[in-house]
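J.: Sequence:
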Amino acid sequence: MEKKPVYFNPIKNRRTFDEISTEIKKMIIEGIFKPGDKLPSESEIARQFNVGRQTVREALRLLELSGFLRVHKGGGGGSIITNTILDTISKSLLDAVLMKNISVAELTRARSDIEKLVISQAVENATEEDISILNENISKGSKKIARGVQAFEENIGFHILLAKTSKNGVFTIVVESIMAIVADFLSRIPQTLEISTRIMGEHKQMVDAIVERDKERAIKLMDAHLGFVDVRFKSSFEEIAGQKKIHRESKSALQSEATRT
Numbered sequence: 001m002e003k004k005p006v007y008f009n010p011i012k013n014r015r016t017f018d019e020i021s022t023e024i025k026k027m028i029i030e031g032i033f034k035p036g037d038k039l040p041s042e043s044e045i046a047r048q049f050n051v052g053r054q055t056v057r058e059a060l061r062l063l064e065l066s067g068f069l070r071v072h073k074g075g076g077g078g079s080i081i082t083n084t085i086l087d088t089i090s091k092s093l094l095d096a097v098l099m100k101n102i103s104v105a106e107l108t109r110a111r112s113d114i115e116k117l118v119i120s121q122a123v124e125n126a127t128e129e130d131i132s133i134l135n136e137n138i139s140k141g142s143k144k145i146a147r148g149v150q151a152f153e154e155n156i157g158f159h160i161l162l163a164k165t166s167k168n169g170v171f172t173i174v175v176e177s178i179m180a181i182v183a184d185f186l187s188r189i190p191q192t193l194e195i196s197t198r199i200m201g202e203h204k205q206m207v208d209a210i211v212e213r214d215k216e217r218a219i220k221l222m223d224a225h226l227g228f229v230d231v232r233f234k235s236s237f238e239e240i241a242g243q244k245k246i247h248r249e250s251k252s253a254l255q256s257e258a259t260r261t
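Mapping of the sequence shown onto this note's numbering: residues 1 to 261, in sequence order.
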């Protein structure tokens, strides 16, 4: 079935690329444009909004930075609607940590508080299907470990699945963003199969507590689990921060040498 053409209303203020981005964003949120859809060409958008193409480019750039679309250059390119807002949030959080606007202690404390709320809600709201999905995640990870392969994706994915089990969309968004940062740091340090095995076992204990609807036990298990993994997270951050410091010092030394010569 052929899609009906979408028409934009002309913008009276010729300067306002933000008005154009707001209008397109509204159409994305309302489902008029969906992930994977391609926007009309720059010239067509400019014609319908009654603005110049440069104004349209600025509006599209703003939407791209916000995670609503990707602009592809060249033949066959164009503006494709995406759903990468969570990636944008995660990157902003990661940058804030690296720039020390947010401390590692603040991040780990926030994660601890949020994930204990998550598992509390999961105990109340988990369905049989949710339990099956969580157990499938653990089974897949355990099989990897048995083959001598790290279960990194399953370890990270478990916490996101748990957030979805809470049936609270805000928890899901926040946990996905935090876990993206955790994954970024932990992927940079070695992880033994023994550590993966321990983590997988702790995940299984949490699922068992959810099945038994034992909220107090589930929260205690999550608290102990995060106490273990956060030590590794902090260690990873310190290692990365040290590497960045060495890089900055080396760059500064090279610049000083270049100045002297």
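Everything labelled a hint here was simulated from the structure, so no lab data went into it.
Everything numeric in this text was worked out from a predicted model, so none of it was measured.
Take the hints with a grain of salt, since some may be wrong.
[Unchecked claim] Listed next, the in silico DSBU-like pairs over lysine-lysine satisfying Cα-Cα at most 35 Å (straight line):
hint: 1; residue 1: Lys167; residue 2: Lys116
hint: 2; residue 1: Lys140; residue 2: Lys167
hint: 3; residue 1: Lys220; residue 2: Lys140
hint: 4; residue 1: Lys215; residue 2: Lys144
hint: 5; residue 1: Lys143; residue 2: Lys73
hint: 6; residue 1: Lys25; residue 2: Lys140
hint: 7; residue 1: Lys167; residue 2: Lys204
hint: 8; residue 1: Lys167; residue 2: Lys73
hint: 9; residue 1: Lys25; residue 2: Lys144
hint: 10; residue 1: Lys26; residue 2: Lys164
hint: 11; residue 1: Lys116; residue 2: Lys140
hint: 12; residue 1: Lys167; residue 2: Lys143
hint: 13; residue 1: Lys38; residue 2: Lys116
hint: 14; residue 1: Lys215; residue 2: Lys116
hint: 15; residue 1: Lys204; residue 2: Lys164
hint: 16; residue 1: Lys25; residue 2: Lys167
hint: 17; residue 1: Lys116; residue 2: Lys73
hint: 18; residue 1: Lys34; residue 2: Lys116
hint: 19; residue 1: Lys143; residue 2: Lys164
[Stated by the list, open to error] Have a look at the derived ranges for each label pair, beta carbon to beta carbon:
hint: 20; residue 1: Ile32; residue 2: Arg109; range: 20 to 26 Å
hint: 21; residue 1: Arg147; residue 2: Arg109; range: 45 to 51 Å
hint: 22; residue 1: Asn50; residue 2: Asn135; range: 52 to 58 Å
hint: 23; residue 1: Lys73; residue 2: Ser120; range: 43 to 49 Å
hint: 24; residue 1: Thr22; residue 2: Glu194; range: 30 to 36 Å
hint: 25; residue 1: Glu136; residue 2: Ile195; range: 30 to 36 Å
hint: 26; residue 1: Gly78; residue 2: Arg217; range: 49 to 55 Å
hint: 27; residue 1: Lys73; residue 2: Glu212; range: 21 to 27 Å
hint: 28; residue 1: Phe152; residue 2: Ala224; range: 16 to 22 Å
hint: 29; residue 1: Arg232; residue 2: Lys140; range: 20 to 26 Å
hint: 30; residue 1: Arg57; residue 2: Val211; range: 35 to 41 Å
hint: 31; residue 1: Ser103; residue 2: Ile131; range: 22 to 28 Å
hint: 32; residue 1: Lys34; residue 2: Gly169; range: 14 to 20 Å
Where a beta carbon is used, it is the ideal one built from N, C-alpha and C, also for glycine.
J.: A separate judgement is required for each hint: does it hold in the structure or not?
T.: Verification of the supplied hints:
no. : hint                        : result
1   : Lys167 - Lys116             : holds, 14 Å
2   : Lys140 - Lys167             : holds, 23 Å
3   : Lys220 - Lys140             : holds, 25 Å
4   : Lys215 - Lys144             : holds, 30 Å
5   : Lys143 - Lys73              : violated, 42 Å
6   : Lys25 - Lys140              : violated, 38 Å
7   : Lys167 - Lys204             : holds, 20 Å
8   : Lys167 - Lys73              : violated, 39 Å
9   : Lys25 - Lys144              : violated, 42 Å
10  : Lys26 - Lys164              : holds, 26 Å
11  : Lys116 - Lys140             : holds, 24 Å
12  : Lys167 - Lys143             : holds, 28 Å
13  : Lys38 - Lys116              : violated, 41 Å
14  : Lys215 - Lys116             : holds, 10 Å
15  : Lys204 - Lys164             : holds, 17 Å
16  : Lys25 - Lys167              : holds, 26 Å
17  : Lys116 - Lys73              : violated, 45 Å
18  : Lys34 - Lys116              : holds, 34 Å
19  : Lys143 - Lys164             : holds, 23 Å
20  : Ile32 - Arg109: 20 to 26 Å  : violated, 41 Å
21  : Arg147 - Arg109: 45 to 51 Å : violated, 36 Å
22  : Asn50 - Asn135: 52 to 58 Å  : holds, 57 Å
23  : Lys73 - Ser120: 43 to 49 Å  : holds, 48 Å
24  : Thr22 - Glu194: 30 to 36 Å  : violated, 52 Å
25  : Glu136 - Ile195: 30 to 36 Å : violated, 22 Å
26  : Gly78 - Arg217: 49 to 55 Å  : holds, 53 Å
27  : Lys73 - Glu212: 21 to 27 Å  : violated, 55 Å
28  : Phe152 - Ala224: 16 to 22 Å : holds, 21 Å
29  : Arg232 - Lys140: 20 to 26 Å : holds, 22 Å
30  : Arg57 - Val211: 35 to 41 Å  : violated, 54 Å
31  : Ser103 - Ile131: 22 to 28 Å : violated, 36 Å
32  : Lys34 - Gly169: 14 to 20 Å  : holds, 18 Å
Violated hints, in rising order: 5, 6, 8, 9, 13, 17, 20, 21, 24, 25, 27, 30 and 31; the structure is consistent with all others.
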